[in-house]
Amino acid sequence: MNEVPSPGLRVLVVEDNRVMADVMRFNFSRAGFEVTVAANGRAAWGSLQDGPFHLLVTDYQMPEMDGGELCRRIRSESRFSDLRIILLTAKGLELNRDRMMRDLGVNLILHKPFSPRQLVAAAEELTGGARAAARPVAQCT
Amino acid sequence: MPFTDSHVSLVRRLIGNYLMCGLGSVVALGLGLVLVTPGAFGSRKAHPFLQDVEQTAQALVADEVDHRGEHRQFLIEKLAAAEPVVYCAVVSAEGTYRAHSCPARIGEACDAAVPTSRSGIHRLERIENGRHVVLPIDEYWVALNSGSARFGTLLVGTHVSRDTGIIKSLADHAPVVMLLPVGILLLGGQMLRRAAGLSSKIEEQLLRISSAAPEAASAINRLPEINSTATGWNRLVACVSKQSIETALAASLAKAVGGVREQKAERVLNNLSEGIALSDHEGRILFVNRSFCTLMGIPAGRAPESTIEHLLFGDAGPASDDLRRQLNQESLPVAFEVTRGAETANGVLRVARQPLLEEGSQGSTQVWQIRDVTQQKLAEQARTDFVNSAAHELRTPLTNIKAYAETLALNEIADLDSQKDFLNIINSEATRLARFVDELLNISSLECGSLALNLQETDTLRLLNEAIEKVQPQIQQKGLEFLTLIPPKLPELVIDKDKIAASLVNLLGNAVKYTPAGGKVSVQVSVIGGELAVSVEDTGIGMSPQDLSKICQKFFRSDDPRVRDIPGSGIGLSLVREVARSHGGRLEVHSELNKGSKFTLLIPVS
Chain A
1 MNEVPSPGLR VLVVEDNRVM ADVMRFNFSR AGFEVTVAAN GRAAWGSLQD GPFHLLVTDY
61 QMPEMDGGEL CRRIRSESRF SDLRIILLTA KGLELNRDRM MRDLGVNLIL HKPFSPRQLV
121 AAAEELTGGA RAAARPVAQC T
Chain B
142 MPFTDSHVSL VRRLIGNYLM CGLGSVVALG LGLVLVTPGA FGSRKAHPFL QDVEQTAQAL
202 VADEVDHRGE HRQFLIEKLA AAEPVVYCAV VSAEGTYRAH SCPARIGEAC DAAVPTSRSG
262 IHRLERIENG RHVVLPIDEY WVALNSGSAR FGTLLVGTHV SRDTGIIKSL ADHAPVVMLL
322 PVGILLLGGQ MLRRAAGLSS KIEEQLLRIS SAAPEAASAI NRLPEINSTA TGWNRLVACV
382 SKQSIETALA ASLAKAVGGV REQKAERVLN NLSEGIALSD HEGRILFVNR SFCTLMGIPA
442 GRAPESTIEH LLFGDAGPAS DDLRRQLNQE SLPVAFEVTR GAETANGVLR VARQPLLEEG
502 SQGSTQVWQI RDVTQQKLAE QARTDFVNSA AHELRTPLTN IKAYAETLAL NEIADLDSQK
562 DFLNIINSEA TRLARFVDEL LNISSLECGS LALNLQETDT LRLLNEAIEK VQPQIQQKGL
622 EFLTLIPPKL PELVIDKDKI AASLVNLLGN AVKYTPAGGK VSVQVSVIGG ELAVSVEDTG
682 IGMSPQDLSK ICQKFFRSDD PRVRDIPGSG IGLSLVREVA RSHGGRLEVH SELNKGSKFT
742 LLIPVS
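So the protein lines, in turn, are chains A and B.
Heads up: the first sequence begins at 1 in our numbering, then just goes up one per residue.
Heads up: the second sequence begins at 142 in our numbering, then just goes up one per residue.
Since the hints were made in silico from the structure, they are not lab data.
Mixed in with the good hints, there may be bad ones.
As the list claims (entries may be wrong) - Taking beta-carbon pairs under 8 Å as the criterion, some of the chain B residues facing chain A (in silico):
1. R272
2. V274
3. T537
4. Q560
Stated by the list, open to error - Using C-beta positions, here's what the derived DEER-type ranges look like:
5. T572(B) - S115(A): 20 to 28 Å
6. D556(B) - Q118(A): 18 to 26 Å
7. S685(B) - Q118(A): 49 to 57 Å
8. N487(B) - E125(A): 30 to 38 Å
9. N469(B) - K91(A): 32 to 40 Å
10. R75(A) - E610(B): 46 to 54 Å
11. S667(B) - Q118(A): 28 to 36 Å
12. E125(A) - V508(B): 39 to 47 Å
13. T435(B) - R75(A): 54 to 62 Å
14. Q118(A) - A486(B): 18 to 26 Å
Computed from a predicted structure; not experimentally measured.
Just so you know, even glycine gets a beta-carbon here, dropped at the ideal spot from N, CA and C.
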């Protein structure tokens, strides 16, 4: 995690379990992401209106609006077409992974328990293009 | 008709009988002829004097023609000299003597009979004193013809010869002798008729049987028992009719039994829990049992007009093309499930269709079996939900532990406080995980009754105080008002101390968790009607009636965000309820959303 911080990369973490959300915030921040945390889908949807995000990391099972509905809503609007989505789920084999990725327009699905390092690595890979674009801006500032 | 041995035998017998009769007749006829012929003519050949008679007759004719009877007397006397002649004469056609010898004898003879024109031998009889007296004289009459005209008869009287007498007496019986063969023939014919008649009657019946259809009952008649063949035939008839009576009896018995069996089968079908229906190749319903009607929600008793597929799927038809295709293949069995409505709870039917193989039926009759698998499906669903929820609940603390541990391990965290925070989180998550596993094991053991309660006499007051002590830190941390109303003296309880304690902690913990800061939690204990009642009341967030009905379901957690913000597995209350139940008690809940909840654990005292 010796990456140069890229202040332009914004990640929205949507997680109802505060303990989990904290550790994700810690790891993403360390990797140079600008982290925003939302407790559920509805809160996340509000955060998305406030500013552009490069990456959305969301839990699947949440009260009020779950990860699935959030993803569908995001994919139904073209302005979020560049937003990368990582879905975290504690559900196991009962989910059809490929179908879910297709239906929800998700870029990656990680099963709980997952490795934070893996999550950050995947996030960096998914936002690689965005990082390249963001870096000159970072260098300019 | 094939020519069999019996036919040969019959023919042989017929021919044999006929030949025997015929032969007998011929023998009898021959015998009669042999007897009669000498009777009529044999005497001439037997006695040489007959030649003399012949010659005399010829001479008389010649004399009559040539000399008008001049030598008539001479010829007669010459003949009279011959042995055994007694007398002789020529009598005219009118009956007058033209010539004669020994008139005395003639006179005697003439008293007996008047000669007629017939030639032959005559035994002379005379009536004396009213009686027939046979004279010891045979009289030969020979017609004398000149050209075609008869001019007289030559009478020759002789002593009766012994042979001639016998022959004569036999000849007298000639009609009898002649009638004998006729009689034999008639008798033979009669016998033949009877023998052949019997055979033909039998044959006639056999022909009738053979020409009738195999299954048709053709009557076989008894025959008059005139001989052993008829007796045999009658025995055969008796045997066959006995057999056919038995067969008919067996058939009617089977029919009666079959009827009973059919009734039984229908009763069995009607008492099956499984719905059974029969449909023809066009889908029309031929039969439904009672369960079918119940499952389909149609009036029982008669087959509905619509098709089974319509009953199952409504106007829309089968849900999938695949099922539609399968249903169209009538020769193959199909099995599928139909949900009667949007959810499993509305009812799930498992349907199996199988062609009924019947000989000679056109198209296929289909047997439908329909079973209500709603409860099974719900149980399956509950089990799946349980496993999924349990897995989810296990993964949540595990995910946290892994995330924090890895973060600690892979990052250089200089700040000791941060490190300690991380480790504390790992510790509490691990504790939560361990408790959850315990609860899970407990509840599944309690549910299936395999967990024996460790019952022991317990100081109730002490138990309550210990439980309260465990939640005191949280109460203080949240700044809640805490009240207890506990009688100073409580009966001892024989309970599983650890499980009851855990249940009390659970109820107290919930009250503390779901009551916002500044709220109030109170514990009230009383003994009413042989039950110890421990009430835990709070002024917390409360529950909606919908949630209230589900709180004792395993893993149920309200969607209320105030609940979601607080860690919980959704298993605690179901565990409390199971513990209460295993002690013969119960858990009562009253709650109002945004006002608070009251949980009362009731345990029998005895």
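Hint-by-hint comparison with the structure:
no., hint, result
1, R272, "147 Å, violated"
2, V274, "149 Å, violated"
3, T537, "6 Å, holds"
4, Q560, "12 Å, violated"
5, T572(B) - S115(A): 20 to 28 Å, "23 Å, holds"
6, D556(B) - Q118(A): 18 to 26 Å, "24 Å, holds"
7, S685(B) - Q118(A): 49 to 57 Å, "40 Å, violated"
8, N487(B) - E125(A): 30 to 38 Å, "47 Å, violated"
9, N469(B) - K91(A): 32 to 40 Å, "38 Å, holds"
10, R75(A) - E610(B): 46 to 54 Å, "53 Å, holds"
11, S667(B) - Q118(A): 28 to 36 Å, "57 Å, violated"
12, E125(A) - V508(B): 39 to 47 Å, "60 Å, violated"
13, T435(B) - R75(A): 54 to 62 Å, "47 Å, violated"
14, Q118(A) - A486(B): 18 to 26 Å, "41 Å, violated"
The structure is inconsistent with the numbered hints 1, 2, 4, 7, 8, 11, 12, 13 and 14, although it conforms to all the rest.
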